[in-house]
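The listed protein sequences derive, respectively, from chains A and B. Be aware that the first sequence starts at 43, since it is given in our numbering, and climbs by one per residue. Be aware that the second sequence starts at 70, since it is given in our numbering, and climbs by one per residue.
Treat the hints with care, since some could be wrong.
Result set (EDC-like, lysine to aspartate or glutamate): computed pairs, CA atoms no more than 20 Å apart in a straight line [to be verified]: (1) B:108 <-> A:175; (2) B:226 <-> B:296; (3) B:226 <-> B:115; (4) B:85 <-> A:101; (5) B:225 <-> B:245; (6) B:225 <-> B:115.
If you're looking for bench data, these hints aren't it; they were derived computationally from the structure.
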Amino acid sequence: MDFTIWQRLDTIARRILPVAITLFLAVAAAAPFHVPAFSAVVPAVTLISVYYWTIFRPDLMPAPAIFAIGLFQDIVSGVPLGVNALVLLLVFAVVLGQRRFFLGKSFLVMWWGFVLIVAGAFAGEWMILSSLERTILDPLPAAFQGAVTLALFPFLTRLFIRSQQALLRGV
Amino acid sequence: MKQRKGSVLRLTTPVKVLVQRFAFLALIAATFALMMLGKADVVVLERFRSIAVDAVTPILDGLSRPAATISDLANRVREIAAVDEENKRLRADNERLLHWQYAARELATENEQLKALLNLTAPPAQSFVTARVVGDAGGAFVRSLLVNAGERDGVKKGQAAVTGNGLVGRVVTVGERSARVLLITDLNSRIPVELESSREQAILAGDNTDLPQLVHLADRAPVSVGERVVTSGQASAFPPGLPVGVVTAVSDSGIRVQPYIEWSRLAFIRVIDFGTNGILAPSFERPQAKR
Chain A
43 MDFTIWQRLD
53 TIARRILPVA
63 ITLFLAVAAA
73 APFHVPAFSA
83 VVPAVTLISV
93 YYWTIFRPDL
103 MPAPAIFAIG
113 LFQDIVSGVP
123 LGVNALVLLL
133 VFAVVLGQRR
143 FFLGKSFLVM
153 WWGFVLIVAG
163 AFAGEWMILS
173 SLERTILDPL
183 PAAFQGAVTL
193 ALFPFLTRLF
203 IRSQQALLRG
213 V
Chain B
70 MKQRKGSVLR
80 LTTPVKVLVQ
90 RFAFLALIAA
100 TFALMMLGKA
110 DVVVLERFRS
120 IAVDAVTPIL
130 DGLSRPAATI
140 SDLANRVREI
150 AAVDEENKRL
160 RADNERLLHW
170 QYAARELATE
180 NEQLKALLNL
190 TAPPAQSFVT
200 ARVVGDAGGA
210 FVRSLLVNAG
220 ERDGVKKGQA
230 AVTGNGLVGR
240 VVTVGERSAR
250 VLLITDLNSR
260 IPVELESSRE
270 QAILAGDNTD
280 LPQLVHLADR
290 APVSVGERVV
300 TSGQASAFPP
310 GLPVGVVTAV
320 SDSGIRVQPY
330 IEWSRLAFIR
340 VIDFGTNGIL
350 APSFERPQAK
360 R
């Protein structure tokens with residue numbers, strides 16, 4: 043009642059930040075970077091984002107938004123529609139169930155948790171796509187992609203922590 | 070006021086949780102439905118996909134430009150460092166190529182004369198559309214590109230995408246102003262090709278590795294490492310004779326081809342309209358360029 047319209051808009055803008063960041067990462071990852079073999083190992087940045095925000099602000103990372111982001115990735119990357127959406131939703135569900143374990147733990151514990159999530163996510167994607175294509179896909183590129191994603195995790199997470207502290211305190 | 074709000078909250082929380090659970094399950098079901106529909110090749114889904122890609126293409130286009138500029142700069146620095154050596158090599162090349170040019174001119178004249186003697190009908194003229202590569206986020210399991218030219222530029226499904234070096238792939242979906250090119254290395258790519266010297270027909274089958282495989286080659290067909298592979302133009306809209314790659318390995322496990330394309334340097338491609346999918350195809354269309 044004692045909120046002005048600007049304060050409300052400000053709050054809304056802050057509250058969509060996690061989803062906006064994730065979507066931006068999805069778009070940025072799709073652009074060509076002309077790095078040798080990069081498109082084969084482009085890190086799964088949305089996975090990092092969904093993992094982080096589901097642990098710290100699950101209220102700002104709703105399932106429909108995750109579905110939309112996954113679908114966006116499917117559309118842009120050319121994999122069958124629904125694959126990334128499903129993987130991200132399952133990651134969301136698993137992390138949401140375990141988030142109390144991660145809260146207040148050290149960064150290394152979080153990283154270790156992410157190793158398991160990445161392994162599960164890529165194994166899942168590999169299985170889904172292999173069964174859709176009715177063949178056994180080569181899992182090696184996915185292993186590379188997973189390793190690059192893990193290596194990027196500390197940097198992106200630092201960015202997320204900063205933005206959370208700066209913009210989402212008390213929102 | 071505060072207390073009333075609290076009691077309402079207490080009441081609604083289980084309902085809210087239930088609704089959220091249901092919404093989550095509905096979303097999971099939706100992903101499965103999409104996968105099944107996609108497997109069945111539903112036209113509406115394909116349409117939806119191309120419209121969505123159309124919508125994001127301008128954004129990707131904008132993002133791809135700075136990335137291209139940076140990589141251009143890096144290349145420039147590298148080139149300047151090697152300019153002396155490059156110069157020497159080019160001089161040698163030039164001498165060699167002049168000789169070839171002479172030979173080619175002679176052959177061209179001779180070819181013209183022989184064609185005139187035989188009354189050979191000319192093949193249909195080709196036109197092409199140049200497009201910028203705006204997206205290559207195939208990920209680990211798909212090899213495809215997004216380009217910023219579509220139906221309005223004359224791109225059609227099934228056309229060949231090339232660069233100056235050779236064949237890149239085939240157009241698989243077309244939107245109004247964007248199109249997806251399936252690379253020859255993708256698992257689903259099958260290109261009719263032939264060995265340049267022996268004219269033996271084969272199919273180039275991608276398997277998501279950098280070296281696609283040569284399959285369905287006749288049993289006794291001689292094939293050796295270093296042989297050039299070109300498109301055969303059979304049963305598709307592909308022009309014959311487009312360079313594809315060279316044979317790099319011949320073994321019991323298969324024949325591998327190294328494509329001519331440097332995948333990391335793909336900034337522009339050309340989509341060739343060979344005019345084979347229309348009887349009344351305009352034969353003298355001017356090549357259009359699109360930036």
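We went through each hint and held it up to the structure:
For the suggested pair residue 108 (chain B) and residue 175 (chain A), the alpha carbons sit about 9 Å apart, so the restraint of at most 20 Å is met. With a C-alpha separation of about 30 Å, the suggested pairing of residue 226 (chain B) with residue 296 (chain B) is violated against the 20 Å cut-off. Between residue 226 (chain B) and residue 115 (chain B) the alpha-carbon distance is near 12 Å, which keeps this suggested pair within the 20 Å criterion. Proposed proximity of residue 85 (chain B) and residue 101 (chain A) is supported: the alpha carbons are some 13 Å apart, at most 20 Å.
For the given pair, residue 225 (chain B) sits about 10 Å from residue 245 (chain B) by alpha-carbon distance, which is consistent with the 20 Å threshold. With a CA separation close to 14 Å, the supplied pair residue 225 (chain B) and residue 115 (chain B) stays within the 20 Å bound.
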